[in-house]
Structures are given as structure tokens and as C-alpha cells.
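Starting from the structure of chain A, add chains B and C where the hints point.
Chains as they are written, first to last, in the working numbering: chain A, 1 to 264; chain B, 1 to 282; chain C, 1 to 369.
Derived from the structure by calculation, the hints contain no laboratory data.
Computed from a prediction, not measured in an experiment: that's the story for all the values here.
Just so you know, not all the hints are guaranteed correct.
[To be verified] DSS-like mimics (lysine-lysine), calculated; alpha carbons at most 25 Å apart, straight line:
#1 A/K40 x B/K136
#2 A/K95 x B/K5
#3 A/K171 x C/K258
[Stated by the list, open to error] Facing chain A, from chain C, some residues (calculated, C-beta under 8 Å):
#4 L54
#5 N58
#6 N85
#7 K105
Cβ atoms here follow ideal geometry from the backbone N, Cα and C, with glycine treated the same way.
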Amino acid sequence: MKSKTNRFGIFYLSLFFVILYLPILSVVLYSFNASPSTAKWTGFTLDWYRQLFRDRVIGEAFAISIQVAILTAIFSAVLGTAAAMVSLMVTTKMKQTIQRMMLLPLLVPEVALGVSLLIFFNALKLPFGHLTLVLSHSLFCVPYVYIMVLLRLQEIDRSIIESARDLGATKWQAFYTIILPLIMPSIVTSSLLAIAMSLDDVVISTYMSGPTSTTLPVHIFSMMRVGVTPKVNALCTLILVGTFFIIGLNQYISKISKNRGLSK
Amino acid sequence: MKTLKRNVLAIPFLIWFGLLVGIPLVYVVVLSFMSRDHLGNVVFRFTLENYQKVFDPIYLRVFANSFLLALLTGFITLLIGYPVAYITSQLEPKKRNLAIALFMLPFWISSLLRTYGWVILLGNTGLINNVLLALKIIDKPIPMMYKFSTTLIGTVYMLIPFMIVAIYNSVDKLDRSLLEASYDLGASKVKTFFKIVLPLTIPGIAGGFTLVFTPALGLYFISDLLGGGQTIFLGNLINTLVNRGRNRPLAAAFSVGMILLVTLVISIYGRITKDKGEGLFQ
Amino acid sequence: MKKPLLSLMNINKYYGDFQALKDISFDIYQGEFLTLLGPSGCGKTTLLRCIAGLEEINSGDILLNGQSIKDLAPNKRNINTVFQNYALFPHLNVYDNIAYGPRVKKSMTEEQLKIEVQRVLELVQMIDYEKRMPDQLSGGQRQRIAIARALINQPAILLLDEPLGALDLKLRKHMQTELSQLQKKTGTTFVYVTHDQDEALNMSDRIIVIDQGVIQQLGSPREIYNNPKNLFVTEFIGDRNILEVEVLETGTDATKVKLGQNELTVTNSVESDKIQAGGLGILAVHKDKMQVSCDPQPNSIKAEVVSVHYAGSQIRIDVQVADLSLTVVEYRTACPCKEGDQVYLTWIDGGAILLPLEGQVNQEERGLA
Numbered sequence: 001m002k003s004k005t006n007r008f009g010i011f012y013l014s015l016f017f018v019i020l021y022l023p024i025l026s027v028v029l030y031s032f033n034a035s036p037s038t039a040k041w042t043g044f045t046l047d048w049y050r051q052l053f054r055d056r057v058i059g060e061a062f063a064i065s066i067q068v069a070i071l072t073a074i075f076s077a078v079l080g081t082a083a084a085m086v087s088l089m090v091t092t093k094m095k096q097t098i099q100r101m102m103l104l105p106l107l108v109p110e111v112a113l114g115v116s117l118l119i120f121f122n123a124l125k126l127p128f129g130h131l132t133l134v135l136s137h138s139l140f141c142v143p144y145v146y147i148m149v150l151l152r153l154q155e156i157d158r159s160i161i162e163s164a165r166d167l168g169a170t171k172w173q174a175f176y177t178i179i180l181p182l183i184m185p186s187i188v189t190s191s192l193l194a195i196a197m198s199l200d201d202v203v204i205s206t207y208m209s210g211p212t213s214t215t216l217p218v219h220i221f222s223m224m225r226v227g228v229t230p231k232v233n234a235l236c237t238l239i240l241v242g243t244f245f246i247i248g249l250n251q252y253i254s255k256i257s258k259n260r261g262l263s264k
Numbered sequence: 001m002k003t004l005k006r007n008v009l010a011i012p013f014l015i016w017f018g019l020l021v022g023i024p025l026v027y028v029v030v031l032s033f034m035s036r037d038h039l040g041n042v043v044f045r046f047t048l049e050n051y052q053k054v055f056d057p058i059y060l061r062v063f064a065n066s067f068l069l070a071l072l073t074g075f076i077t078l079l080i081g082y083p084v085a086y087i088t089s090q091l092e093p094k095k096r097n098l099a100i101a102l103f104m105l106p107f108w109i110s111s112l113l114r115t116y117g118w119v120i121l122l123g124n125t126g127l128i129n130n131v132l133l134a135l136k137i138i139d140k141p142i143p144m145m146y147k148f149s150t151t152l153i154g155t156v157y158m159l160i161p162f163m164i165v166a167i168y169n170s171v172d173k174l175d176r177s178l179l180e181a182s183y184d185l186g187a188s189k190v191k192t193f194f195k196i197v198l199p200l201t202i203p204g205i206a207g208g209f210t211l212v213f214t215p216a217l218g219l220y221f222i223s224d225l226l227g228g229g230q231t232i233f234l235g236n237l238i239n240t241l242v243n244r245g246r247n248r249p250l251a252a253a254f255s256v257g258m259i260l261l262v263t264l265v266i267s268i269y270g271r272i273t274k275d276k277g278e279g280l281f282q
Numbered sequence: 001m002k003k004p005l006l007s008l009m010n011i012n013k014y015y016g017d018f019q020a021l022k023d024i025s026f027d028i029y030q031g032e033f034l035t036l037l038g039p040s041g042c043g044k045t046t047l048l049r050c051i052a053g054l055e056e057i058n059s060g061d062i063l064l065n066g067q068s069i070k071d072l073a074p075n076k077r078n079i080n081t082v083f084q085n086y087a088l089f090p091h092l093n094v095y096d097n098i099a100y101g102p103r104v105k106k107s108m109t110e111e112q113l114k115i116e117v118q119r120v121l122e123l124v125q126m127i128d129y130e131k132r133m134p135d136q137l138s139g140g141q142r143q144r145i146a147i148a149r150a151l152i153n154q155p156a157i158l159l160l161d162e163p164l165g166a167l168d169l170k171l172r173k174h175m176q177t178e179l180s181q182l183q184k185k186t187g188t189t190f191v192y193v194t195h196d197q198d199e200a201l202n203m204s205d206r207i208i209v210i211d212q213g214v215i216q217q218l219g220s221p222r223e224i225y226n227n228p229k230n231l232f233v234t235e236f237i238g239d240r241n242i243l244e245v246e247v248l249e250t251g252t253d254a255t256k257v258k259l260g261q262n263e264l265t266v267t268n269s270v271e272s273d274k275i276q277a278g279g280l281g282i283l284a285v286h287k288d289k290m291q292v293s294c295d296p297q298p299n300s301i302k303a304e305v306v307s308v309h310y311a312g313s314q315i316r317i318d319v320q321v322a323d324l325s326l327t328v329v330e331y332r333t334a335c336p337c338k339e340g341d342q343v344y345l346t347w348i349d350g351g352a353i354l355l356p357l358e359g360q361v362n363q364e365e366r367g368l369a
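Here chain A stands alone, though its shape is the one from the complex:
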């Protein structure tokens, strides 16, 4: 009886994961197809990748996306960590307020957020570009940093910090010798997530991009709308490789921190 349900369960899970990854794999597969159409497989080629590297516009969009992603990650890491620290120092009521505020950008549909920011920045006559992109991306990145750092902070035994003070550390020394090293893995991990999310965002970026600051996803989206071309496949495949690099980095960091006894 038990093994029967198990076997069915494994089958169901396997089927689910095949379907979950089939679209992703087919994008990768067709990036190597010599034919520009998906109708036929006419042989293996790296031509689309060559074309990609010659495409100036894509190169520029990529550079902008990377810059925006890194700036967003730094901004979000600082603000998110500060907010997490602060919410443990303020009154309970203020902490709840901060928590609710953090959830709001995640609960309001991105289109509505994007439109509201577009209209508001327009009214402020703020030039659309890096600044607006970073600010708007921080909306969905700061909450993640906040949540992950706060969870870690709450895990830290209060007596560890008291012990540092007791042994002679000033408040500031206790922060950078004890608290910061302990929350660092969470900060780094959530910053990497912030980079991934910033690099991936289409909806808000569409509204926030300026005439000279189109991000990569916005550009890819416009390419996709025009039609299926293997160049898009190749680009998507490269992005996937980049994503796996970030995930690998993330795993590596959490492994190191585990070895240093930072996480349970």
C-alpha cells in the first residue's frame, strides 16, 4: 500500500518537474539550431551567439542592466539591513508598521506600482534613467533583504550581544565584530537575490527606462514581441548561464558560512 502511493507520488513529481523544465530546456536547445525557424532542426551552430556578441544595442542594454542591478543590490542591502536592525530597536508598534510597509510593495500588482511611480516621477520631472530604475527596483528588493536579515537577527541570541558588551565592547564594536559577521551571509544572499530580481524585471522597468537607458529584459521583451528568432534563444541561454553563476555563488557562500558555524 505504502510503496504504491510512493511510486505514484514519485511519478507525479517527476512528470511535474519535466514539464517545469521543458520550456527552459527547449529555449536552450533551439539556441543551437542552425535554422532560424523552430520548424526544423538543421544542425548545430554557434552563429546566433556570434551575432549576439556583435549586437551593440544588446551589449549596451546588458551593461545598463548590470549597473542597475549592482546599484540596486547595494542600496537594498544597506537600507534593508538598516531597517531590520532598526525594527528591533523601535517600539513594537513601529516595528509592525515597518513590517506592513515592507509587504505592501510585494502585494500591490507591479503594473500599478509602475504606473504610480511613472506618474509621480513625471510630476517631479525626475529624468528617467539609472536613478529611477534603481529606486523602483529597490521597491521589491529592500523587502527581501529586510525579511532575510530580520529572520537572521532574530535567531541571534541576545546574550551573545550582551556578552560582547560585558567583555568590554562598545555598542559599535559589538555591531561590527559580532552582529555584522553573523548577519553577513543573509545580507550577501539576499543581495544576490536582489541582483537576480533586478536583472529579471520587465514590468516596472518598462515604465522606468529612459530613452537612453533600456534594460536588457525590456529590450528582450521587445525582441520577443517581434517574433521567434534563435538570437533571443541564445541571449536567454546566456542569461540562464549567468543565473546559474549567481546561484552557484549563493550556494558557495552559504556553504562557507555553514563551515564557520554561522547557520544551523
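Structure of chains B and C alone, referenced to chain A:
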């Protein structure tokens, strides 16, 4: 006095929130009551015209489409995702960790890429049609793109990881001894599932539903790429109004409508999880 | 007259409306092992934290060598704490944990530090563990590192907050011995918090019994054990039978009381001015200072045996007098009795104390009875 002083620390965060969320949202609400001149520029004159338009049958239809899409996405992700989460929780640790990694991984992968994958699979010259043609099961391609259901496939695919994670967290927290007690008292596996597991994981289901419903209302790039604009959804409409029609007050009114819809869903969620002591707002 | 090392003067501490410490005053002398003993929630840990500077006091003063330290931050006080859960820094190895204090205070060069770390590791018998991470250590080892980490700062006073609470019984007994040896060897003043009377009685030079934020009694282990000053201490320290009796006659040396049908003479009493003939009193007798006889004895209680338990070397005999239950613990019995037998209970000299009844009202209010 001392507590006030401590709260001062929260000011930078409050400024960030106010500038990027608070004021813009208020501004959208204000704008939704404003008019336009004959050039299409916003004029600060109060009007209810935009909201009258929202209730115009043509536009109401857009609301209905979006609502239906989000609702169906919620139900389908629940139906497919619940077993995934439940089976995963029953696996031995090694396999369980692999399964968790597999359903978490898509969070990191570009959503455009994942949507585009379906274009490649479902197109007339796409992978599925190619295979079926090659196997001579069909003699001409089945048109699968640019339908309501294509968009639905896309949103379900995009959002199902949220549902699975929400339910998994809830299933994982279940006390195993409860299930054992139920078996011990003579309940079958099926009965235990419906009498014990399901009721106890309702907060997880509600949480997953909220996490799926909200973005499903606004992911316009999915309906653009897979639906081909055949069915118009809120996200596409707002996007068009802002970018091409330059009718920002109307776009604002629709955004307000969208936010109200989400608020409704979240308040239902809040009510479901209120007595259970868990949820997003605890 | 010895000069006190640390003086607590009328300390009051509130959490909102709740008063955790009420007018606490006492002195601590150089080199002594002082224990704060009390049930959980009595305020002993709060008091320790006030001395460490981790809690602010609402009124009163704390003097270290005659200087007020009540407004100093914890890092400015020459007092160190060993926390209940050790609070080792999880991301630092043993060496860096121990070196933490001197490093943040920049009080030693790295060469000096090496020598000092060796010295304290030797004190706690943990040489060769320098490179270990805290999660690679057992509970007892973490304990020692926590002590070494505090001792390297050569604190005027070492505060220990239930440091043995997380250890198993056997290790706890062993560490008790080790701690008191360490204290004598280093000559450091220890202030030790515990709820375990065995620990307190074994290790301390002096014990302060605290309940409800008030000092109940201060004295040597022997005084506290044999001559409790009030009902709380009587109940909390030692294992006693607590019996309500009628007071028949008071005198300077002895008081006559009635328990059931038995008339008894008690020579030891507390707050005797509150004990009046015709009123009620509390007779407290150590369970292991009572004896069971088969034949009538002078000044004895006639009782009926309810049950007899053999627990290793001990014999526990439960008896009934009127409607009161008593337990006698003996190591060898002169009267091999069984259930239903009539026996006569006596106590060895000084084994019983008479207290006024009024305390018991409070005790019932607290729900501790």
C-alpha cells in the same frame, strides 16, 4: 520620550517608503479623478468620468477577464501544486531537498525566458507540433497559441512555484504525530488527508492563493507573448493607456480598481488566517 | 572591619508596574563565593544583570571599591559575566572568543594575548582547544571556555548566571567541584546565581536567598540550612515536613505545641514574639532528621504508617498524624514497620523549628503551597 527617540531611527526607511510607495499611490488616486484637455494633457479638474469609463461594459469585460484569469490561475496552481508540496514533504530527506531545490530554482530564472519557452513549445512550428507531426499523429499543426488558455498556461507556469512554497511551508509544519494519531484511531490515508491535513493547511493554501492571484492580475508580458492580445487583460490595458493612449487619469483609475481587487483578496486571506495565528501580517 | 568590594545600596528595579527588586542592600567582599539563591522569577538574575550593567536600576546605588558604577555601561565596568547559555560567539574559534575582551579594549599586545590565553586555558583545563569552533565543543567544554573568556579580563567580580543549568546531573556535580577550586585558585570574587539549593550549599561562602524581589535571608550555608529565618527559607532550603500545630504554652527556651493528640516540646523557634499561646504555629522538621520507633518515646508523635519505600540506601516512610501527612527519610531503621503499623516519631536535637503561622497565608496566596 525615550521611545520616541528610538523611533527616530526609522525615519530613513519611512522616507523611502513614503517617496516610492505612499505618495505615488496617493497621487494615483488623486490623478484618477482628474480630467484631460483636448491635447490629452492632464488637467487638475475633478471628474468622475474615469470611473464611469471603468464601468463601461467594454472595460468591465477587461476586469472580468483579468479576474477570471487570476482566479483560474489560483485554482489550477492549487490543484497541481498541492500534491507536489504534499508528496515532497513525505519524501526522505535527500530526495526532499532535491525536490525543494527543483521547485525553488525557477524563482531565479528569468521570467521572460520561461514565458518564451512556451512560445517555442506551443507555436505552429513549435516543438510539440513538430513532434506530433513527425510521429504522424496529426497531419497539420494544431493552433495552440494566442488564446485565453495559452495565457492561462503561462501564468500558471510562472506562478506555481509561489503556491508550492506557500503550501509546502504549511505542510512541513504539520506535526507528524497528528497523522500517526489519525491512522492509529483507524482513519485511512485518504480520510486523514481530508480530515486532518487539508484543514490544517488552509492558511498555507490561502497564502499561496494571495501570492498567485496578485501578480496574475498584472503580468502583461505573458498575455502579450502568449495571448497575442486576443483577450485584453488589465495589465495590457493599463500599459497601453499609459504608453500609447497617454490617458494617464484613466490608467490611474484602472490601477486603483486593480489595487482594490487585490485588497479584497488580501482581506479575505487576512480573515482566513486571523484565528490561526499565522500569515503574512503576524 | 573589612572594606566591601561591591556594595549594593537600596536597589529598586521596576518592569512597568512590576517591581522586580525591592530595596536590595548587601555587601560583597574580596575573594568570596557568594550565591544568589531563589526560585525562578524571584529576581536573582535581574539583580545579577543590574550588577553587570545589562539592566538599569530605578533607584539605589552600586559601589565598586567605593566608586559608584550604576551609570557606567557594561563595557566600562570591571565585572564580567558567564551567561546561562554560555553565549560564545558562534563565528569565532576558542582562541578568538577568549581574546575578544582584550582585543576590543586594546588592553594587550598580540604576544601578551597569546600568553594570557594559554594561562586561562590552562586554568580551565582546555589547552589544545584553541582552534575549535564553539559548535564543536560539548556543553561542559563551552562552559569552561565561557569562564576562561571572562577570566582573561581579570575582572574584580565574576558573575555566573546558572552556569550549570544546561548540564546533566553527573557533569553538574563534577563542575561544582571544579568551579569552587577555580575560584579558590584565582582568588576571584564569584557571584553565582542558581535555583538549585545543593549547588548553593556545596559551593558558597555565603548565600543570599531571594524571593519576590526581596532578600529573605543572608548567611553561611550552615546558617541558612539549619536556622532559616522565615517560612519561605524553611520551605525552600532543605527537605522538611511542614506541619500546622496548636501552640499551648510559650517559654524562653521551649514551646509546647499540640499536633493531633500529641503534645510536643520544641526548643528552636523563629520570630518567637509572634508565637502566642492558644494560637497556631508551623512546625518544620527535616525529613532526614526524624526517627521512627516502634515503642513510645518521650516527646514523640504517634502516627500510622501509610507506606514504606526502599530507595537505594534510603528508606522513605510516609505516615499520617490526624489528617496530616509526613515523610521520614532514614538510612537504617530501628523499627522495621509496615503499612498500618503504629509508630512513634522523634527528631534529633535541633531538627525541628517552630514558626509563626502568618507566613503561610502569604504562601497560599502565591500558590506555592
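Under the criterion that the straight-line Cα-Cα distance not exceed 25 Å, is the pair A/K95, B/K5 satisfied?
holds (14 Å)
Would the hint on C/N85 be counted as holding, given a Cβ-Cβ threshold of 8 Å to chain A?
holds (6 Å)
Hint check: is the beta carbon of C/N58 less than 8 Å from a beta carbon of chain A?
violated (20 Å)
Agreement of hint C/K105 with chain A interface, Cβ distance less than 8 Å:
holds (4 Å)
Between A/K171 and C/K258, is the straight-line Cα distance small enough, at 25 Å or below?
violated (64 Å)
Hinted pair A/K40 and B/K136, Cα distance within 25 Å
Holds: A/K40 and B/K136 sit about 15 Å apart, inside 25 Å.
Closer than 8 Å between Cβ atoms is the bar; does C/L54 clear it against chain A? Give me holds or violated.
holds (5 Å)
Checked against the numbered hints listed earlier, the structure breaks hints 3, 5; every other hint is satisfied.
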